[in-house]
Each structure stands twice: as structure tokens, then as C-alpha cells.
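Peer 1: Generate coordinates for the entire structure from the input sequences, incorporating the hints supplied.
The lines below spell out each chain.
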Amino acid sequence: MPTLKNIAAGILLCLSAATAALAEKLPLEKPELKLGFIKLTDMAPLAIAYEKGFFEDEGLYITLEPQANWKVLLDRVITGELDGAHMLAGQPLGAAIGFGTKADIVTAFSMDLNGNGTTVSNEVWAMMKPSLPMEDGKPKHPIRSEYLKPVIEKFKAEGKPFKMAMVFPVSTHNYELRYWLAAGGINPGFYSPSDITGQIQADVLLSVTPPPQMPATLEAGTIHGYSVGEPWNQQAVAKGIGVPVITDNEIWKNNPEKVFGVTAKWAEENPNTHLALVRALIRAGMWLDENNGVNRAEAVKILSRSDYVGADAAVLANSMTGTFEYEKGDKRPAPDFNIFFRQFATYPYYSDAVWYLSQMRRWGQISEAKADEWYAENAKKVYRPDIYLKAAQSLVDDGLAKKEDFPWDSDGYRPPASEFIDGLTYDGRKPNEYLKQFPIGLKDNQTVQGSDVSG
Amino acid sequence: MSVETMAEKIQLKDQALLKPSWILKKLSETDPAQWVASIWRNLGIPLISIGVFLLLWAQTSSNIVTSLGTLPGPVQVYEEMQGLLADHIAQGAQKDAFHARQEERNAKLLAADPEAKIIWREYTGKPTYVDQIITSLKTVFMGFFIATLVAVPLGIICGLSPVANTALNPMIQIFRPVSPLAWLPIVTMLVSALYVSEDPMFQKSFITSAITVTLCSLWPTLINTSVGVASIDKDLLNVGKVLDLKWHTQLIKLVLPSALPFIFTGMRLSLGVGWMVLIAAEMLAQNPGLGKFVWDEFQNGSSHSLGRIMVAVFTIGIIGFLLDRMMGKLQSMVTFSDKR
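In order, the protein sequence lines correspond to chains A and B.
Numbering-wise, my numbering puts 432 at position 432 of the first sequence, and it's gapless, one number per residue.
To convert, count from 1 in the second sequence and add 1000; that's my numbering.
Don't take every hint at face value.
Just some of the chain B residues that point at chain A, by a computed CB distance under 7 Å [stated by the list, open to error]:
no.	residue
1	1250
2	1284
3	1298
4	1302
Computed beta-carbon distance windows for the label pairs [as the list claims (entries may be wrong)]:
no.	chain 1	residue 1	chain 2	residue 2	range
5	B	1149	A	452	55 to 61 Å
6	A	294	B	1131	32 to 38 Å
7	B	1121	A	301	25 to 31 Å
8	A	294	B	1115	41 to 47 Å
9	B	1075	A	133	47 to 53 Å
Result set (SDA-like, lysine to any residue): computed pairs, CA atoms no more than 25 Å apart in a straight line [to be verified]:
no.	chain 1	residue 1	chain 2	residue 2
10	A	52	B	1120
11	A	52	B	1128
12	A	265	B	1199
13	A	331	B	1303
14	A	102	B	1197
15	A	160	A	222
16	A	102	B	1097
17	A	102	B	1186
18	A	370	A	380
19	A	52	B	1097
In case anyone wonders, no lab produced these hints; they're calculated from the structure.
Don't be surprised by glycine CBs; every beta carbon is placed ideally from N, CA and C.
Peer 2: Next comes the structure, spelled out in C-alpha cells:
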């Protein structure tokens, strides 16, 4: 390309002149990009950055392409067909440690907090409801999984396995569902090096189902519940085939959900482009959370287009405009159901990465005990708050963002948090101690051999 | 009769052919009953059966309730089709707006600095329904082209040499029944590993889909070609031996012309199979064509989704029918039999 020499010369000039002065636009290595996403409401930052011109402002010409499923999306990012993608927070980590396809993926932008829920079939809900504590004639939320236990016992007594679905083995949905089940004394199953179905010793059989097929399989009775992002929980309510029992915000308040991932090689070769992307995405996040959600209605309209999420606008609005519907007609206020920028939602905290790694260890996807340093090292390899802060600083310098919206002094670890459904405290610096607290789950040097936990 | 009189008579007869009175005379001679019967047979019955099908569809669909609403009837599907075409036109308008913005931007740059480097970019909006149809057609023809390139020479070799036939037969029989979805992961891996270039001419998803189409659709052409070549009249080959023709002359003058009808039959079958396989392959290979359209609509789960998927089903069917007719015409052009 004739302009390549000019661009290369430009980069060299800028690099030699200054290091941190990003107030002037840096030349982009690759302005035309293809980004992948899955049709879930939390791809919103990508859609908004495109529709509101934030990408174009940075000089980026982006093609957004929906992908068939999480595996295809990850593979295409690795092979380079996609420059980057909307990813599950656990995907870059799973790839880094080699669970599934091994690859070096980094993320410098957390796309949102919260945003998914667990739905059970009408049959299961009918069995659960009588024993639930009520308040004003309606079930009291959050519903702990202890109330699911008698239903599972009943199924077992009839010789029927209790099956639930989630979207991907290293998905946030998998870990949050397991967390919720284990908090009520239900064993969600272990992974072993030779058996990666994750159903060893399980009371509930968890398996992977693509989100669009979940309502159909729930209706057919193949599964009795699923954990998935929106709009699939509200779709179940709208079609009358299931009832959401808990949202992930109730399992772990303000948990990280999706990230924007690129390969480490791509990030190395295209630093300016990466920064421009993160800048545009931060602006999109700010727009989505602006002024107590004043832009959410417009966001719903954009997302309901068939090239983005495509679900009916009413279903999307149910979860994105400050409410969440549980039983049909039981709409509760849920202003934090999707957080796109507030509470430092977009900063990629190392402690978030460590939590996912700890849960991978808890259920045996990481088959052996690892030192705390191992967790910290892998978190640092994958999560890149340095790039995030660079982009944030440039936005503040350009007057497009406010200084107080970013955690400049953070060392990458959130303070220890206890807003979990089982009340346990999580300190990202001490994952092994954290794992010791769980009654159900691998800890210390335990391993899964065959169908037993030993050690 | 003298030659001049005969010539006069012929001339008069020719002129008479153009006289209206002659045409009217001919018309009155044809049996109107036969004429009406043939129109009824070829046009009337199909139209009525299509009408009956539409009625039955409208009736049953309103009685089937799925979790995505009632099954769409003909009217709803027609409306969805109109919606898709309207989207295509709207997207065209957005594309024009984008190009207008780009022109403005670049004109400003040039006005400020005549030496400035300006870049012209393509519009990055999503492909519309019509774009997707075109992509599918391009992919199927690419796959079909590669399949023909591979299958015809192999078929000729198999047909001419019984040894080659026996050697290749087991492979053909084993690979023929393999479904495209089984080939897809292998092909994806191979394409990712082997098709690496800085500035690729084709997208990987396009190549993956095209190769999957090739792998599934080359068998009818291969088998038909080998049968066609093997069933050449032995006398023709003897003539070639007697005249001591070179092998390539034999090939071009004797083998190919006799085998052409079979080859074209095979190609027609291959294109049909290829079109079916393409839709399945695109769903997973993410080639932006009709298969991806169907899968994306399914993932949308909106109240329009089923209707739009049905529009796609009919589009796929109609295009497949047209492709088959086109191949049929080509086939009849090269077939010198009384059966056309």
C-alpha cells in the first residue's frame, strides 16, 4: 500500500517526539476492522459506538458481524478473520490457560457489569413457588437455591435427571449458576482432565446450549432451567414458557460480564488502533449510562434492529430500561441490571480475572492447585488496565470524559467484596484462601480422579 | 411444367404465407379444443395447485402456535419480503449518505492541502438481503466451478481406464455420502492453516463455504462423466485407432463430444446438490449469504423471525429452481438426441 510508508514514518515520528502526549490523533495502523459479536443485549457498546459515530470520530471504519456461537467467534478472532470481538469475561482467561483452544488474548475494556439471569421452566417454578417466602403476596427476591433442592430431590426420586443449560464452559453464566447452586448445597458437578463435561458427582447436570435454542429446549422439557444473558430470560417470560428466578446481580453484586477481546499479537501490532477502539467504546459506555439511563430507550430501538440483537423492542426494554420481569406481570425495579459505565464498570480489574480463575479451579477446569502468584500472573497477562487508562486519559485530555469517572490510583484489585448470595468475602489477592471457604468445590491440593475428589 | 412456371408458383406460395387470409385459414384449421386443453394442462393446473397450496397453508398456519407466535401465513410472509426489500433500499440510501460524507471530508482535506493523501473507504454497513443472495450465488458458483475442474478430468480418466476406475471407486463411494456439516470443521481448520496471506483476495469464510460445496457436489459430475466416457461407442474408438490419432485429438474430437450429455447431466445434479449444501455450510462458516441470514434470524427470536426465515426458504427454492432450469437449457444445447 502506498500510504503504509507514510503511516510508518508517522508512527516513528510520534514515538520519538513524545511518549504520553496522546492529545493529538495518532495514525491508525488498521482503520478498517471487522468485529464480531453474539446477539445479546450487552453487545450494546459496539452497536452504539457504530450508530452514534464514536468509531467514525476516531477514524475507524468498523464492520460489525454477528457470529453463530461463542466457539466460532473465538476461533475467528484467533485466526484473524475478526480483529476483535465481544467476549465472555472468562474466554480470554480460558484461552490463556489452555482450557479449550489455547491462545493469547488480551482485553483492555470490560463491556458491562451484570446482565444475565437464570430461568426455570413453568413446571419447576410451580414446584418451587409454594415453599418460597412471600412479601406482599409476591415471592421474596433473591431466591436462594435451597428452594430448588426439594425439586431436584423429587426429580431424583422419580429417576429423572435435573438438567440445566449455560452458554459456554468458560462463561460467566456457568460460574454464576454453579455459585448459586453450590450456595444452596447443590453440587453442580466437577471437571477432570479426562472428563470435561463437568458433570462428575453432579446433583444438577449442566451442559452447553446456544442461547437461541434455550427457550425451545426448555419448552420441550429437555432442560429444566438455563442461565443466559438477555433477551433470553425476558423472551421466556414473554412467551410464557419459563420464569426467571435470579439475576447475576443478586448472586454477586456488580460482577463483570463481558469484555472486548483481541489477540495479544494484534494488540502489539496495532497499539494506536487498539487505543482508538477503547476510546470509542468508553464513549459508548458513557452514553448508555448517561443521566440515569435517559438514552436507554433509544439504545433499545437500535438494538432491536435485525442486524444487532433483533429481538422485539418490548422484550429488550424489559431488562434495559431499569426494570426486570420475573413472573409474568411481576416487574421489579432493577436499575443495575445492565451497568455499562457507572461503578468503574469498564475498567478491567485483575481481581475480576482472578475470580474467574478461582472458579475454574473450584470446579476442576484447572485440575491442580496453583499458587496465588500464578493467578496474579495470568490475570496480568490477559487484563490490560494500562491500555484502558491510556485511552481514558486521552479522552479526559480531549474534554470528552470526566477525570473522576476513572479509577486512576487503582492497583487493579477491587477492595474485598462480600455482596455474594452466600455472604462470603472475596479478596482478589488471596484466591487460595477464598477457595477454602466453600463447602462445595475443590480446595488446597484436591484433584478429581475418575469420579472421586481426592486430596 | 416449365421451370419458370414452377418458380412463379413457389414465389406466389411464399407470398401467400404472409397474407392475413392465409393465417386466418390456418387458425381456423387448428382445433380450438386442443389449443385450450394444452393451455389448461401447462398453465391452468399448476396455477390452481399453487392456489390450493396457499389456501391450505393459510388455514393450517393460523392454527399452529409456536413460542414465537403463530406460524406465519402467506400474507405475513409476503409482508416480510416487502420489509426486506425496503431494508435493502434504505441501506442503499445510508450507503449514499456515507459516500457523500466521505466526499465532503476528502474535498475539505484537499481544499486545505492539495498534496494531502486521501483515502476512499467502502461502506461498512451490514449486507442486505439482496447482497446476501448475491454472495450465496457467487459462493455456489465458485464451489461448482472448482468441483467441475476436479471432477471432469478425474471422470474422464476413470472412464477411459478400467484400472483407474477400480482404484478410485472405493474412495468415491466412501466420501460421497459425507454430509457438509461433517466436512466443515476439517475444511475450516485447513483453510485457516493454509490460506494465509497479507492481503487475501477472498475471505476465509467464502473459501471455506466454497470448498465444502465442492466436496459435496463433485460426486455426481465425477460419476456421470466416468459413465459417459465409458459408454462411448466402441466403433468410434476403433476409428481413432485406425486413423492413428494422437491421444489429445481423440480426447477432444471423440471422447468429449460423446460424453458431453452425461457430463452436463452430472453438472446439473451437482449444482442442485451444491446449492443445498451451501445453505448449511454458510450457517457455520459465517459466509454472509442466505444460510447466515437464516441462522441470524433464528438467533434474533423476534416476532418477524419465522416470517423472514420462510421468505428465505422460498428464495432458496426459487433460486434453486432457476439454476436447474438454466443448467437444463445448457444441457439440451449439447444433447443431440430426440429427447430434449
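Peer 1: List in ascending order the numbers of the hints, as given earlier, that are violated by the structure.
Peer 2: 1 and 16
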